[in-house]
Structures are given as structure tokens and as C-alpha cells.
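A.B. asks: This is what each chain is made of:
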Amino acid sequence: MMRYKCSAILRSAGWLVLGLAISSSAAITRSAALAGPLGAVEAARRVDRLLSKELPQDSLTASNSPAPPDLKSADVGEPQVDDETYLRRVTFDLVGELPSPEEVTQFVLDSSPNKRKQLVDRLLADEKFGENWGRYWRDAVLYRRSDDRALIASQSVEQYLKDEFNRGAHWDEIAREFIAAKGKLNEAGATALIASQWGEVPETAAEVSRIFLGVQIQCAQCHDHPTDRWKREQFHELAAFFARIAVRPVIDNGQRKGFELTSSDMRFKDRTPAQQAKIKANLKGKKNARLEHFMPDLQDPTAEGKLMEPVLFLTGQKMEPGASDDERRATLANWIASPENPWFAKAFVNRVWGELVGVGFYEPIDDLGPDRPCGAPKTLDFLARQFAEHDFDVKWLYRTIVGTQVYGAPSRPRSPNGDNVPTTACVQPLRADQLFNALTMVLEVEETQIGAAPDKTKGYRGPRTARALFQQVFGFDPSTPRDELAATIPQALLMMNQPGLNRALSAEGPTGRRPGTMLARLLEETENDEDVVVDLYLRCFAREPKPNELKTCLDYVREVGNRTEAFEDVLWSLVNSTEFLYR
Amino acid sequence: MRYEHHMQLAMHRQGVVRRRDFLKGISAASIAAGTLSWTDLMSVHAGDLRKRGMACIVLWMQGGPSQFETFSPKPGHENGGETKAIQTSVPGIEIAEGLPHLAQVMDDLAIVRSMTTKEGNHQRASFLLHTGYAPTASVKHPTFGAIAAHQLPNPECDLPSFVRIGNQFRNSGGGGFLGAEFDAFGLPSAEQMPANTQPTTSSERFSRRLGLLGRLEADAANGSTAPFAADHRKLYDKASRMILSPAMKTFNIEDEPEAIRTAYGESDFATGCLMARRLVEAGVTFVEVSTGNWDTHNDNWPRTAELKAQIDQPFAQLLRDLKQRGLLETTLVVWMGEFGRTPRINPRGGRDHYPKAFNVALAGGGVRGGRVIGATDPSGAEVSDRPVAVTDLFQTFCRSLKIDAAHENMSPIGRPIKIVNGGSPVEELFA
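Chains as they are written, first to last, in our numbering: chain F, 1 to 583; chain A, 1001 to 1431.
Just so you know, not all the hints are guaranteed correct.
Here are the simulated distance ranges between beta carbons [to be verified]: (1) R1368/A to P499/F: 45 to 51 Å; (2) S1424/A to E233/F: 28 to 34 Å; (3) Q299/F to P1188/A: 44 to 50 Å; (4) N1252/A to E187/F: 54 to 60 Å; (5) P1188/A to N114/F: 51 to 57 Å.
Cut-off 30 Å, straight-line C-alpha distance, at most; resulting in silico cross-link-like pairs (DSSO-like, lysine-lysine) [as the list claims (entries may be wrong)]: (6) K546/F to K1074/A; (7) K1234/A to K231/F; (8) K1118/A to K182/F; (9) K1238/A to K184/F; (10) K1118/A to K551/F; (11) K1234/A to K306/F; (12) K1238/A to K231/F; (13) K1238/A to K551/F; (14) K306/F to K1238/A; (15) K1118/A to K257/F.
None of these hints come from the bench; they were simulated from the model.
All C-beta atoms, glycine included, are put in the ideal place defined by N, C-alpha and C.
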């Protein structure tokens, strides 16, 4: 990616003159040149065209293979995956699930020229869309927790985001709620980001910057940033916006009832004598330390440090000291989630592109620099500006990206040399929830039926369900570059041997109150072994078996001589194969 | 024509599918197979054999054990409370009552009475004492067990390199930026085999399944996930080799002779200590055994008495057993929690969190026993001699295990992170 570095720096510098307030009129003039918000189809077409100019060799493999009929209107001739692959890919990406065998068949046989677009519309309207991406962001926020008690917000943040995404909330609304959040952790899901750092001021500032701006300014906490241009003082000026946050136990009738994110801007003189005594004892005279942020003196860590005023490092926008917590956080939220702030749109676009296409414009997806190489700066600028023009409409962005030719291109392996570009549609490992959903669909079971033996102990995350078990074993921080993820032994053991899963994979008939399994029903309803193999392949991989695969399975059934056992083994093998774990 | 056929079957079963024209069959794009980018996890440092044979057992006391009631009694001072001191096998070294077995193995045990940190919150302190770093959102520091597994892998051993026994771990870290393959292999109870390690079918049929899986993976060789198949295969080979390995018997505590089980005692912690010895003997690099409830904000004396009764005999027996088997010289044993407890006794007869001055105990791995490092003043409030910071403690671990503490691992955002940042080993422990 090195060859893009120079243009990336120039590009970034064009967006932003650091240390100076960004010229907002310039930002508006530039976007005006785009002639307003474009529909997703037109925007996708422009993205493909821009990419083909920015990355000609990589994106367009000079193939003349004809595009599928429904994509013939596209300008560029990127080879496209077949319907089955597209269906499986986009279903996992948008709603976190596998298509059912019936959906695969229907989709392939559907002759409508607009079927891919119709599919995307249907998936974006499905409430599983919000659920899937709510879970994604739950992980993005909580995997960086510095305190396990933050898991109290695990279910509330998932639910909150699910509802927000499904009602069509825009990203700036969500960002504002996260930054200004208050309330009980188990009720107000937007508290999760600040709760993940348990209200620690510098850590909170660092996470807000990473998540919403894609800027890893925390490296400047102790010294000027080694590779970017941020100064230590700028980090602490950002931290000053969070000087008055507090995560506190909720006391109800003398009993501790969870925790809340709140403000701590009550003046010392307004506190009760008992509180004053406690604060004095804790702070040894530094009574302001609870109300303002001080940059520590590196030479003398015991000194009070330098009083910091809240300033947003990207724009130089500044607040008066002494403002209340509510004022500080609401102001920062407005400055961050603004169309005038290009970082905000870019950070989200880059992340979503990275997740859907497989490689972000910037990698890692939460490190945009400014002094980082960008894979295709003009394309990212275009998409980010359009996203801002659409008032940060989340579904518009998804619709646009999955409508591009690049998204629909055949997957390639990730190059080990770090030279992947944002046009390389890459295979992605399934996230824990996607994998768990896929298993429940393949096996036609309720979540509770795959089961881990129910564990009565209750962690911060809530009851230890089968889904929680999968999250624990297969979960990963979604901001981690995918080539740094590695599969683990407990993952393999879970898929191979977990007793509940194996029961669900078996062809066990109904016993007592337990219904028979999917495989039991399939074998009973389907006489022809070939039909069974086809169904299992459609079910597990959303495609038909290839002739050699069909032959292997049928040979195996013959070799074993016991139809039930043999098909249990086939299903076990499909679920344990590489293809099942990736999309 | 399989889709049409399938559609008819589906219609038959569900009655929902409308008949459409058959468009096209499968034409999977053939993808040029590229080289793998995923960490070849099974051969990480394969050449770096565990030549030195070093191992480590951490006895983790979740909650923060009181130093006054364990290895730093203050019987002459009001802060010491009712706790008396007892003689040990080493003249001049006294420890708290209630630890008679440990008193007998004092020759092999060293006490650091001058540990000092600033983290008085369970979560942050547990992370600090497990990683050597304060928790931060930007860098997920690996826990020391992961570092040891990374630095001292044992490819000869079919078992995981890093095992955690018990469920008293809070914010103790995992593989961190080293990757999930260095996470601890969890054993919630030493009485039971680890989860999912027993095939649900006969081992013959299990092998048959693995064979079919291999054939189907080969058949899918030109699919888009094929480049990952080699890693997947290695992982499944490793996992199945592990569960079919004779070494799995190590996890079966029932194999241990009754006399030895009795010598360790009867608590879960005792079984955990015995399991730790079995694992180290079988070649595992790092084992952590946890026990909890040391957070004695109230009723400090009856509670610590009970806790001491749980740990005294197994801890002492672990040292004796390792020594008898010739493993103590190569196995560092560390007893610690996340912090100590306040000198002042609170109105509920308890002690609160106190990171400023507390104790840890070490044995084996080159550590000379029968000695005390550092001291606190008569009130127990301040370290009066030889303060030992967390970085010093971790330097000491590295010194014992022959790990280069200055070795730099790369974090995902390209920042090199030393195994231990600063500090120096407590050399007096080895002299």
C-alpha cells in the first residue's frame, strides 16, 4: 500500500489544516460540486467508476466475462459472483444469517432483473439488520473495556442499537447519544462506550476519538504522537470534555442496584459535610480535580498538573472552562457528529466498507491518521461526502456499498504482504453471532436447544446461554485486522464435540417432549440420498454440491452402510468445514 | 436440474415456493489459490523448543489477601488485630498463624513484604498483576501466562501451553495482542475433564468423520475459502491430536493415588494445585490456579482463617511434591492477589483495599527459599525497605523463567511493546 502513501497525505492535508480551525465554507463549497445527494444506485456506479480510475490494475482484472443480466447496466465490467454466493454474502452481511435452502432456490430461479436490489431492500427492512449491526457495535465498544463490569451494558447497548438501526436512525444521532449518554448501564445502552472505560477520563477521550473519528490520539497521552502529528496537549484538551463524567453505583434503599453513568459537577461547597470530608481525604486538597481535567506533569507525577480547557483537536473549536458536564459533552457531540467534520463520516464509511468488502480504505479500520496511507482517497472522499449529504443515513450507505461491482466481485484471499486494496473483496471469518445464527438455522433449532449445559451462575453479561458460549469462544474485537485473527483449539473442540450441538446434528427421532432433529425429518421425508446431500449443501453453504463433492458423500454413505450414521457424519463434516466458518 | 428438483421437494415440504424458470446452475468462479496470511499458529516458534524446560504455576488469590493475616503479621501493633505470628522452619522468619504447613516449607519459600502499586480497584489491579500493565483501551496487553506460552512453547506436548484452573478470574487478561491462540485453556474445575474434549461418538467413528471432513475439504479445493483450509486443517489436526492423545489422561485427577490426593487436602483449590503439578509434569508451560473470597471488607478474621485452611496444605504440598519430583528448580511458583488490605481495621471487623504495601510469596524456578525481601514500618502502612513495583515483580518472573523482559512484541497499531516496561528483577531472591 506504500505507493498510495504520498497521495494519502496530500489528500488528508487537503481535508484539514491541523492546528487551525477547518474552514467550514470550504467544506460546503466542495460538497456543492457533487450536486447534492445521489441515490444508492447512482452512488454505487460512481464509486465503481472512481475506484477503477484510482486502482485500475487491482480492481479491474481486465476480464471480459459478461456481468449477470441484472447488472448489465453497470459501467464497468468487474466479474460478478453467482447468485448463490451473492445471496449468502449479503445475507450474512446485512442480517447476520444464512439464507435457508428454500431462499437459495427461490433466489436462483427468480428471473426478475432487479432481484439483487429487491433482496437488499428486503434485508435492510428486516429487523435482523439492526440486530446484526447492534451486536457488531456492542463488540466494537465492549471488547476494548478496561473493566469487566462494563458488560452490564452488553444487552442494553445491543438492544438500543438494534432499535436505532431498525428505525432508520442516522449515525450522527447515534454518536451524539453515545457521547452525551447518561443513565443506568443496564437500561441506557448508549452508556456502553463510556462505561467500557468505567468513566476513566483519558481512556474515554481515546475511545470516543477512535470510534467516531478513526483517530488514535491516545498515543499522544504521554508524549507527542510518534507517527501522527498530534500533540500531547491536544489529547488532554479532548479529555477535558469528559472531566466531569462519573460511573457510580445506584443505591436504592441501602441496596446497590447496578451502576449509572452520570455527571459529577456538583461544586465542593454544595456537597454535604460528609461528602466534603471524603473528597478531602481522597484528593488531599486538590478539590478541583473532580471538576476539571489536568494534564499530568511528567517530571512530577504527584503535582496537580496543568489545567486543560476543552478544545476539539481537529477543528480548534473551544469551550469556556467551568462549563457543566452536560454542556461539555453535548457540545463535543455536536462538533464531532457534524457534516463540517470530514473525519466523522470517513471513520464510519471506512469501517463499514472494510467489513463489507473485506479491506478498508485505511487499515486498521479505526486508524485514519492523518498520516496514514489511504487505499483510494478520492473514492473515500466521495462516499464520505455523500454520506454526509444524506445526513449520515446508515441504510443508504449499506445499500450503496452492497450495490457496487466491487462488493459483488469474487472473493480473493487476503494477501500476506499488506498490499490489499479496498477493491479486493476478501473472505471474512464469521463473527460469533453470525456463526451461532447459522447453526440454529441449519439445524432448525431454537437457541436454547443447541445448548451448553445451562449454567446457573450469572456473569455481568447475563445468563450463560448457548449464544454466550459461542460469543465467548468465537468472539473477537471487530476492529482487529482480520489477518491478525487466528482460530483457536477451543473453537475446534466446540464445533467437533459440544454435546448439545452434536445432538442437534444427529438424526435422533422424537423422544418424550423433544421433537426429532432436522436431519431425522430430512431423512424421513427424502428417500433419495442425492437429494439429501443437495439439501445439506444448500442448507450449510447456500450452494449445491459440486459433482466431486456429491460423489464423495454418496460413496461415504455406501461405505458406511448405515444411512443414518453416514448422514450424521456428512452433516458433522459440513458444519466443521472451513467454508462454514467464513463468508 | 437440481435446483428445480429441490424446489419441488421444498414445495412438497413447505408449499411456499412458486415455480420459476431455471436460470443457471452452479458455476463457481475458480479462484487462484494464494498464499496464507493467517498466523501459522501451530508452528509459531516451532524451532524455539522449550529447551530450558521452564514452567510457572501462579496461585491466584482473587479479592486481595490480607498481608497481615498471611505472610506479614504485625502481632505487636493495633493494626495487626488478633492475628498471632508463628515460627517457621527458618529461624527468624515468622508468618501468620493458620499456615502451619507453609511454615514447615519456609526453606523453599521466599516472601516479598514490600509490594507496592497504586491500583486499588479489583478490576484494574487484577489486570495489572496479570499483565504488568494498567488496562487501556488502545493496547490489549497479554496476560503473563500468554507471554510465557508465546516465549516458552513446548511443541513436544499435545496439551495447551497455558491452562487456567478454577473460575476466580476477574479481568485477568488473555492472549491480548498476541492473539486468541494464546488465551488460557480454561479448566473450570480440576475434578472434571475440560469442556468438549471427549468425542460424542466412538473414537473410531470420530476418526472416520475426520477422514470424511478431509475428503470434503479437498473436494472444495477451488472454493473461495480454500486458502484458509490449510490452517483449518492444522487446527483440527492439533485439536483432535490433543483429545485423542494419551496426554489427555493428565486431566483425569482420579488417576492420582489416594495417598497423594490426601496429602494435598480436600478443597477445590487442593485439587487445582495437584492438577497444576500434573500439567507441569506433562509439559505444560504455565498454569494458574485460582481461589476467591479474599475481599474481606467484613469479618476479616473468621473469613481469612477459613481461607488459610483452604490454601495452606495444598500450597505447601505442591512445593514438596514438585521438589520430590525434581521439578521445583525449573518451576516458578507464585502466590499473589491483586493487592493487600488496609492496616486500619474498619467498623465491620474488616479490612479494605490497600495496594500501597502488600505481600507475595515465591518459590522454585531458581528462587532461593527461606528469605524475606523488604519490610513495612511497624504499623504496616508504609513500605520501609526495598519497595517492589509490579514491573520489578514481572522482571523477576522473567529472570526466573529465562524470558527476555526487554523483548518487544508488536501491537496491532504498530507500536512495539516490551514484555516488561521498566523495573528490574529482585536479584536478592536468586543470590
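A.B. asks: Just pull the numbers of the violated hints for me, sorted ascending.
C.D. replies: Per hint list: 4, 6, 7, 9, 10, 11, 12 and 14 violated.
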